[in-house]
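K.L.:
Could you build all of it, start to finish, from the sequences and the hints given here?
For the record, the sequence lines run as chains A and B.
Under my numbering, think of the first position of the first sequence as 163, with each following residue one higher.
Under my numbering, think of the first position of the second sequence as 163, with each following residue one higher.
Listed next, the in silico PhoX-like pairs over lysine-lysine satisfying Cα-Cα at most 25 Å (straight line): (1) K938(A) - K378(B); (2) K334(B) - K938(A); (3) K508(B) - K970(B); (4) K938(A) - K938(B); (5) K966(A) - K718(A); (6) K970(A) - K938(A); (7) K518(A) - K340(A); (8) K378(B) - K334(B); (9) K464(A) - K464(B); (10) K547(A) - K464(A); (11) K718(B) - K518(B); (12) K718(B) - K340(B); (13) K519(A) - K508(A); (14) K938(B) - K378(A); (15) K334(A) - K938(B); (16) K277(B) - K551(B); (17) K518(B) - K508(B); (18) K277(A) - K551(A).
Keep in mind the hints are simulated off the structure, nothing from the lab.
All of these numbers come straight from a predicted model, not from anything done at the bench.
2 protein chains.
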Amino acid sequence: MAGDGTDQRALQYEQTLMYGRYTQELGVYAREEAARLREERGFKRSISERTRSLELLQYDQGRCAKCRICILQCQKLLISRIGEDWIFLILLGLVMALVSWAMDFCIAVCLQAQKWMYGGLESNIFLQYLAWVTYPVVLISFSAGFTHIVAPQAAGSGIPEMKTILRGVVLKEYLTLKTFVAKVVGLTCALGSGMPLGKEGPFVHVASLCAALLSKFMSLFGGIYENKSRNIEMLAAACAVGVGCCFAAPIGGVLFSIEVTSTFFAVRNYWRGFFAATFSAFIFRVLAVWNRDEETITALFKTRFRLDFPFDLQELPAFAVIGIASGFGGALFVYLNRLIVQFIRKQKTINKFLMKKRLLYPALVTLLISTLTFPPGFGQFMAGKLTQKESLVTLLDNRTWAKQGIAEEFDYIGHSHEWKHPQLNVFITLVIFIVMKFWMSALATTIPVPCGAFMPVFVIGAAFGRLVGESMAAWFPDGIHSDGMIYHIVPGGYAVVGAAALSGAVTHTVSTAVIVFELTGQISHILPIMIAVILANAVAQSLQPSIYDSIIRIKKLPYLPELGWGHQEKYNIRVEDIMVRDVGYVTLNCTYRQLHDALMSGHLKTFALVESAESMILLGSIERSQLQALLTQQLGRQRRLEFLRERALSEKKQVNEDGGQKINQEVRFQISTEESSFSPPRTLSPKPLKPALKRPSERSTEIPTSPQDSGIALKNLFCAHPGTEGMEEEPYGEDDMTMREIAEWEEQQLDEQVNFNNCKIDPAPFQLVERTSLHKTHTIFSLLGLDHAYVTSIGRLIGVVSLKELRKAIEGSVTVKGVKVRPPLASFRDSGTSSSETEATEIHKLWDLHTSLSIPREHHPSDSDDKSH
Amino acid sequence: MAGDGTDQRALQYEQTLMYGRYTQELGVYAREEAARLREERGFKRSISERTRSLELLQYDQGRCAKCRICILQCQKLLISRIGEDWIFLILLGLVMALVSWAMDFCIAVCLQAQKWMYGGLESNIFLQYLAWVTYPVVLISFSAGFTHIVAPQAAGSGIPEMKTILRGVVLKEYLTLKTFVAKVVGLTCALGSGMPLGKEGPFVHVASLCAALLSKFMSLFGGIYENKSRNIEMLAAACAVGVGCCFAAPIGGVLFSIEVTSTFFAVRNYWRGFFAATFSAFIFRVLAVWNRDEETITALFKTRFRLDFPFDLQELPAFAVIGIASGFGGALFVYLNRLIVQFIRKQKTINKFLMKKRLLYPALVTLLISTLTFPPGFGQFMAGKLTQKESLVTLLDNRTWAKQGIAEEFDYIGHSHEWKHPQLNVFITLVIFIVMKFWMSALATTIPVPCGAFMPVFVIGAAFGRLVGESMAAWFPDGIHSDGMIYHIVPGGYAVVGAAALSGAVTHTVSTAVIVFELTGQISHILPIMIAVILANAVAQSLQPSIYDSIIRIKKLPYLPELGWGHQEKYNIRVEDIMVRDVGYVTLNCTYRQLHDALMSGHLKTFALVESAESMILLGSIERSQLQALLTQQLGRQRRLEFLRERALSEKKQVNEDGGQKINQEVRFQISTEESSFSPPRTLSPKPLKPALKRPSERSTEIPTSPQDSGIALKNLFCAHPGTEGMEEEPYGEDDMTMREIAEWEEQQLDEQVNFNNCKIDPAPFQLVERTSLHKTHTIFSLLGLDHAYVTSIGRLIGVVSLKELRKAIEGSVTVKGVKVRPPLASFRDSGTSSSETEATEIHKLWDLHTSLSIPREHHPSDSDDKSH
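P.N.:
Here it is as structure tokens:
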């Protein structure tokens, strides 16, 4: 287990560094996990046995033991009966609201403390600076350290991981209690430091963690909570709750979480999200009322724009300009963020140094940012004293800051005066704020602490909108409207539009508009906001991926990219252009030797089961682990020992009675009963944890094989676990075969035909036709969360498409390179005999096949290639 | 064609009557359509030939003909280049906004005219009554008549049909120009009559029609518009546009259309909906500004509730009560609506009478309703004078109508005084209004004119909310808040909550909340509204289907019902419990006789193609039409004539040269070239219309067969078209065979082996495993829009599940009858050998199969049944 441990630690290093790269091979990882799980299970079983015996002792002492059992059963029934969706959702909403509120409270206290320190040291500017800078550095360092030690997976936003998980890939370590603790504590500290970091993304993750833990907790009471597809549905609802209780924006939360995490959304999950998010937002706001922060339930950043004439039609071009500029800005932000990560990764010396001094990078970044925002220093030009919340409130202010460019008319209410500098006018302050915050936010979000980018971007957008609004107000001091009445321009409205547009551009979502309505409590600017958000999205989507997709690419998470909009060539690329023709397969009547060769030849996770190498009729698919188990059984030590015993017995018999014809059958019989004990025993103990990387629809990859089973031939297949070599136990007698004998015996065994009994076969793997378009393939893959699909032609296996090929094809077809694109007229040539929409194949090939069946031949990959053209 | 015509008329009768029952067998319908299409195509071809010849003439005269071709090509290129999504969406939005605005204008004029007539005849109450009653009766009768004559499909809401279409079933006649005209004109008249009818549902249909027609129009320029999956995506966007430009509510429109029409929603279509709906809503509101109706863009039913303290926390129970009561009310409305339809249908005498006098029912209903709302009569107690719009505006009014129950303090502004009756107080007026409008709306929506139920329900909900609000205001005259400040209760806020809750309950949607925000321009009541809507949904969904699902059931549209929430038994039912084991199949090496028998045996649309009756390995699926075409070719007149000619030739040859061994091969060869001409010729003419009922993913079912091809054996397969019998043309010479000779020849032909060349086979029909749960099956069916799926066990076909079985199983498992439910412990028993989540089958059966292969046997359905238990 020592080697295992270092492995894991190396993995952790890999993952904490800025954006931990997701480089582990799925297969390797799964195998390691499976090995660990086996150990754990054994451990657990021994514990449970111990507790059971303890219980038995108690029962013996027991007063009214039966009664207690009865009560327990009743309780169980009750819990399982009311253990329905809505109870789960209410619990989730409640917990998340409490978490959100408590966290907000802590963050507020932290920020207050910094202000208090800063204020108390006004006499000495150096001490003041020290306090201003040290406080966030300490908090961020603690956050980074804590996150690193407890659960390095908690760093970053969490939305990319949720997107991957909802796509169907279980990233187990992202949904543990440790991660929950690390995320909550780390996030509180990170936000308490006053850095330009957001709460939204991590909150989506926290809510999902909460849902996963709650599910696990509820599953103790049994019932429906063990169903995996249900758990995935609940995770989707949890994402909505995360956004909902972060901003008290239930509708926006539901929509944002859908846009950000899903590719296809089941409308029947819709109400779940609404229900939980509404409940959560409600409790979140009620807590504020009870805490006397508010008089009643209102929006978080309430605005008070006039209702009767929110804006003039002629102001719309300005809103459109905000939208387009935000689109470019959003794309730039994503690019900048990625650039920083890649720059630090590429610089090997920096990288090595930072790897060693893990907390140096966060501390340095924090130091830089907090130095620049030091209010008596450069911070005075960019309202550095204001926290994120305060600056947002001031930016959404009702009043005009600068009428006709004269800053003197400024209203000194609340914190707005921070924006006014004696030497500079408001415009310059805003420009400085926008520019500085822009790169600061992009930089700060690369720190390996739990943090999101939504809120910083939101504030920058608001500032940009405010800038445009103030300019408009200065340009048209009496408003634009021509018909008598004077309606002044409301720069706060522009700020709202800008906030929605920029955050929409960075995240590639339209629902930021709804979040903005719920945050401000006003919907009067609906059309400008919608127009700006859509324009920003159009621009940003054509330039850069969303921040979440960008992180997915940086982290190399196993995710299928979206099809861009309007790429018509996707309709022209066919599956046959991108599929892998060299499919790993086993035949129904193959020998163990062929099986062994197939396993040795590659690292495929699943093998196709075909009728025969000639017909290639696809019968199903088998997982690698199943085949390995088959081979292990055949060559395993147990079977060898049995063989020895049988041989000894028969020799004895032969000595005694000189008759032993039936032995072979008998051995066979015994083996087949032995086999059934290999299948995992169904106990009522809590379910084993799932292997790390596994599609939920697949059956568990627990390999009923351990290294001590492996003989010579198997040595190549399984990586040896040196730590466990010594602890062999020998229940079946002495293994007195020599190496040569073993090899001989194994050779003999390998020539037997494979018995596929008790081997789990997926009899209906997903099949595509070679004419299926890339567009449709993408749809099917993302709809069903597939990992790979076989390409068949009238029952005959001709290729396989996996996520990898698909990803390559999509990315290639966007950039028009990296993929062998079908010649442009190929589909026209084909469609001479069949209409272009059909994906049917002619029966020709089947006939060819049937005629060729008489001539046995090797399956040659280029063979079917030629035929399909 | 005479018979065909009456058939169609009968169908139309069937469809116009209240809720036309959708009884046509899919197969029959498709065949009729195909026959009609063939005729149409022939007609079109002759026209196109004529125009071509005309063009040729012009070219001969042509001055600079080449130049013109060049320009045309450039034009084409330009159009196809810019023929991208966003242009289509902008066009769609623009058209729909214009249509919506023009319709609103016409409706307003109609309602004005009625008021003017009513006002002008104030001297004579009888004449006044006559005018009040006649006007709507005439309009509704005209609307019903017009709809009936032009396109009976236009009657009703249209949302149920759109739901079905987006599910994947093409109801062709619902997306034609005729339907568009009928819907727009009929809807304008129906709404102009002042009946309690809505605009929303039909508008969804109108927008979809618009999108379909626009697609068809754009496809003239070629390009991407011919792609069917793209068109479906566009229809989804169109639904959003429909709601969006009806209420100027883009966000609510998108969400409502998703909830109402989709089961699974592709997030990548999201922006399409937002884009188009925003553009449409924008143009719609801009038109109002340009028309000087409004000063700037604002909400349709703008409210002016106070922002700083919209409601007190202690008012929440009242809002919850509104929600729950609305839930019951909504369920009652759906039930009442269905009851009325079913009552009229059941009463055979009434039904017959109404069938004859088609316009009587609408006229009678209108008469009844308008008599009861006659303002000097009973209408005075229920504000009968107000139009729907006016009553909604008054209901959402800011002020309190009745403080402490004293109606005297009433503010006489706008139309609010209509609610005040000298003898009655406001509460009684409101109660009467609610009760009367409730059944009136349920009755009115059964009239066969284009109409929706959303708006009437919305108004009733607002009235109910107002009632509760006024009661609360009377109960707490000084507001509830305890801390010094007096905040009066705002009954208008209650009205908003009630409107959202009741309409949400009737349609089973949560997004009515968003629509309400956008309609009123205020979001301050977000939490009460969300809570009420969710409660209303919870209650209504547990009692009744939504109004749209109810209509789907009444009309018997081919739609898959939703899984209810929290029905855990869905996870326990397996596909093997519901599948049909007697699958219609053809084998690869079958004879034409077997093919004929298979075709005769049932009405299956598709047949499975298996390797052989023994192995039952599924190779693909073939459509009925393809098999029919095969049979037609083999037994067709053309082939017979050829045979005759060949025979004559060979006889001649034999006479001449006494040598004719090679003939048989030659005939065969000639036939196979002949066959290729059977495949539909690929011309550049506009694409033929799709057959009436066809899944879009399937290839066209055009049967290259006409009645005169059919011999004796085919007579049974194709229904004879007596009208076309006489016009046979005989290009191949005389058909001088006697009936006996033909029969003999056919018998001979039937024994030949089927040549599946040139027959279109779907090589990858969707396959399920017998262990797949009902829940998963439902998901897959609705995700992929499947019609049927084969159930296989390791490549071997063992059953088939179609939409019908699934529907039965879902409805059965809800009511716990009608479906053979698997014994409760069956899955436990199975899971002894495999974990309960896996759906893998053991290889046993395959081994059984292989051993049994040596003994040829009939496929016996109960055989595999026994084995699987």
